[in-house]
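Each chain is listed here by its residues.
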Amino acid sequence: MIHKEMFLSVLRTSEVLFVFPKASPKSLCHFPKHIKTRTRSYHSSRPQSTNTKPVATGIRKMGSIQKPKVLLIGSITHAKEEWDALKDVADPIVVKSTNRSDFLAEAKSGAFDGVVTAFRSFTSMSITGQFDSEILSSIPTLRFLCQNGAGYDPINISDCTSAGVQVCNVPIIADDATSDTAIFLMLGALRMFNPCMATLRTGEFKGPAFKLGHDPRGKVLGILGMGGIGREVARKAGVFGMKVQYYNRKKLSEEMSGGATYVGFDELLGTSDVLSLNLPLNANTRHIISTAEFAKMKQDVVIVNTARGPVMDEAALVESLESGKVRSAGLDVYEEEPKIHPGLIKNPNVILLPHVGTLTYETQKAMEVFTIENVRRAVEEGRLNGLVPEQAHLAKS
Amino acid sequence: MRHPRPQILFFNPVRHALRKYQELASVAQVEVISSTNRLEFFKDLEKKYKDITAIYSKFDAELIQKLPASLKFICHNGAGYDAIDIQACTARGITVTNAPDPVTNATADLTLFLLLGAIRQLNPSLGSLRKGAFKTGVDFGHDPQGKILGIIGMGRIGRAVKRRAEPFGLKTIYHNRNQLTEAEAAGAPYVSFHELLTKSDIISLHVPLNSQTRYMIGADEIAKMKDSVVIVNTARGAIIDEAAMAAALDSGKIASVGLDVYENEPEINKTLMGNERALLIPHLGTHTTETLAAMESLAMENARRGCFGESLLTVVTEQQEGKSL
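If you're matching them up, the sequences are chains Z and U in order. Under the working numbering, the first residue of the first sequence is numbered 1249, with each subsequent residue one higher. Under the working numbering, the first residue of the second sequence is numbered 5, with each subsequent residue one higher.
Hints listed in this document are in silico derivations from the structure and should not be mistaken for laboratory results. Built from N, CA and C at the ideal position, the CB exists for glycine as well. Each hint can be trusted.
One-sided and incomplete, this derived list gives chain U residues near chain Z with beta-carbon spacing under 10 angstroms:
#: 1; residue: Asp113
#: 2; residue: Leu116
#: 3; residue: Arg124
#: 4; residue: Phe138
#: 5; residue: Gln149
#: 6; residue: Pro270
#: 7; residue: His291
Next comes chain U alone, as it looks inside the complex (with noise of 0.2 angstroms):
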């Protein structure tokens, strides 16, 4: 028997854009997920949610599996999606959705904060005058001003990072899967990535983390790079190979880095933490009321597009036109 509304499950209850979810509830039967573990959840889509439609969530490759015919769509309410096998979805026939546009500006403005600390060395000084000891001991910075700021993955993320570099004077060179247009580049000269490792003062991550992209940054490339370089991570963490930024942040090899993001959040590796020219955020990359609302509603637009046989606003690369689903 079909549900007279197509049915939602949300793995997490909305926060922010509540005006969204009951503009949603009003077309939709919205249900927020009350398994309280894994087993639990697995008897559950069996029984009460082997009808839904749409699920708004964050969740893992194995749950795909249990989960039944009739779930289509997941909207995936992030903008980085490695924790979701797309691969077994396109095999179910279920589409993902993500929210990348939403995480543009809070990332990018975080990716700011940490390059400005790192390059000017601010992180030390926090310490020290928490400590009672106000600047004593502490070294100078570096202005950004006339610095090379190399960025990797030229995307909506990087894009804006370049913009906002701008005004501080900094000259931004670019390596990406494919070069961009000039207009998209707004004039970054493109590299390869071997010349970006060796050209740039600050190098700043934003490509997805894919089996392609995964420890990019390892011991090799740091090698390669300027001596005293700064590094900064608002991607993924295991984008690079934490242990050897830790040991060559130790050697002096790189002078501070700038971190939103680690291997095995929300584990840091010690060497790193334990070194004071190590800037660091626990992923808090879009963690604004402002960017969650938005994140939620883009979800929830999603899913209900997805329930009413509307066209989706933020199919997943992997699965847009083009590629077989």
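Excised from the complex, chain Z in its bound form (with noise of 0.2 angstroms):
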């Protein structure tokens, strides 16, 4: 990367220069940038893409300048007036295919020929399965991929990465909903609400469902992975009177745990009294949870997933509930979506939500927005704000 100074030491010394229609200005000065989100600021340990390859500009062309395309693998809900606002640096193509085998094809027929940059929203998976070798090569000029979306496991980063291709994700912003979804199922399921919430709609009160609830204060909360949405469960736990503890790939400062304990993994396991699953999904997280793990843990121990579903081996979730080891468990994700283990559709004492994790107006407008400004950083500035950390390599300095 070229620094400012030597750019400008170089102009002063030569007698002829080059210039390089490619070399985006604004790539020659690169300053770290600060995320910021709704409610707080962060100062971003985030890896900021460089432009490793030339980005496409503008060609002058009988008289007009075609924009980059960029391409809308799904759909866009609530930033609609953002998206239509890059027509001005863009040209937006959108994905009209609505299966794997389709796509390909409307690759080949050259529609997406060009492409640098693609935004890929969240029900994007339904068209083009697991972003992987074979999709990238069906796009070879694309470079950066924007993932709206904390969670990024249908992308296959080291065929992105071997492909040229940066990927970025959402972090933060997903923070305190996918947080606040949590407690609300940390709580539902501590307090036994399900049963009753069940029988109340049939006419019945309380009626013989009804089982005592536990409260949380003076409990044990296990956090599996203290990354933002962790920390955020860990931040409201503390609220209602829970002691917390964490198991992360590294020990955090006291500052970023806002105190909680660091135990090892097998420590978790045996000493939480809820447990709350909240690391990504990846090669070495599936069935982190199975069945040698939920012998680990304590009798009537509550199991909290709002990370991935396949993180947990749901069969042998659905065997500790029906044993009694665990008491009660509150879950947004499943193994395979939108397919639900009947095990727990039978089980009164859990409580379920179908994925709303980050669903509500404000988090995925704000979502969108800040994929949307990625991909315009992408046209203008040929570099994304925060790169995925399996990407972190890929960043200088």
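Quick one: dock chain against chain with the hints and give me the complex.
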């Protein structure tokens, strides 16, 4: 990366200056940005992408400038104005296909030729399936993939890196809504509200299904995965009088962890009254909670999962609920959404939400706006704000 | 003839604070009521229960008249005592205690569950999942961050709710019989009832039920509220005109409600029951093993103190010092 001072010194000493039309001036002056959210500012520890490949700039053709193409995979629900505003710098193309084979055919037909940046919406899984090397090969000009979500497990990051595609997701913005959902599920499960909520609507007030619940006060909450969402769950749980401990890939500073205790994985399992799963789904975390782990947990443990279904072996959870080892569970995600293990459906002790962790007007709009800003940044500056951690090595300093 | 140990009559057996019950049984004669109906009880009051000193209970006003002269204390195993005619007790020289503190945390926790469930509009999705539709047709909810929470009744529970609301980014305003000190209010602005109604995105009720608070929220008050307001009630059902609330929920004036209490428990207004934007819990405000044990212990401790002439812990407000007994 050329620093501003170097560029100026070259200017002063050169007799002939070659200007490369593809180098955008902004990329020569790279300053780190702070990611700001609606509620608090955050010093970005995320890698900032570099302009490693030239951005397709305007090409004079028949007296008009063709704008760079950006691809919308899925849909925009709330930030339609912001998406439309991209037209002043880009030419947006919407994927018409509704399944993978049609998508590949549409790509082959040339519909996505020249696309450098793509916006991938949460619902686009049904269109492309896993975003892997086959999909990537169908759009060879792609350089930037902007995922509209905190989770990005449907994207094969190593395939993207091999193909020279940088990926960003949406950090921080989803933290509040997801942690609020976790707290709702935790209270619902601990307090055992589900049996009576069901019978109330059939006309029986408390009914025979009624079971006493437990107070969160004084209970130990174990958080698996102390990223932005895990830390928010910890912060909110504190006000209910819970003691918080966590397991994370690495220990956090006192300030970051908010005073929560760092423990080993087995200790987390063995000493938590409530276990909240807040880790990303990847090859290392699939079924991280399974039969062996349930065996290590406390009797009457309560499980909360707002992360991804496959981090937990759903059949093993059902067995543990039926044996009574797990007293109750609060779930927002499932191994094979929208399919849910029938053992969960028929268990009255579980409170089940259909993956609505961030389903609010405010959060959905903020996520779309953030992602659209990244699309614009990719077009105008040839870089993204907040690469996924697996691509940290692609960022400079 | 006086019994050597004071006699305490239990209307409900103790289920959770068993150790405390055993301790009490070593200093007093404890008995669980055996009368199987009201008339039989009235007869028993003249015979085997004629020397009772304290009752650990939940019961109604007519009974008070039938109680023997020896009865000096009614130790209510709950925070709300709207079912006890305090004036009648006072007239008969009977002191009533309740159990306010143990219920605070459990009720405030439930309030947050209902508040989150209502503002996030989660009840419809709980239902659609169980019907096999996953989240098809489910609407977006709202985040609590930045919304205004209006607390009506800033007693122990109201203040506990405010503390819990903070990390969710809610801005709390409150209305109360009297303005609290800065410290007690913990920074929440004191507003008039009218201002609270018009400014709040979420309204949560935490007042006791009495002649002043009955139907304090009716059609007129709802009309003053913001469009798409969210209402949470963990206090007493009769504070709200349930039919008016149901109609406003149907019209969409109220976006969602989170309720633990109802005007005529265990009956619930049919319109309300039929609306999926109503998150409904059947009065489970304090139904945890820990809180029930704490409530039982407190009621028993008051009964023990009353029997042995020690000062009571939690006499009801209306009978406290400065008021005539």
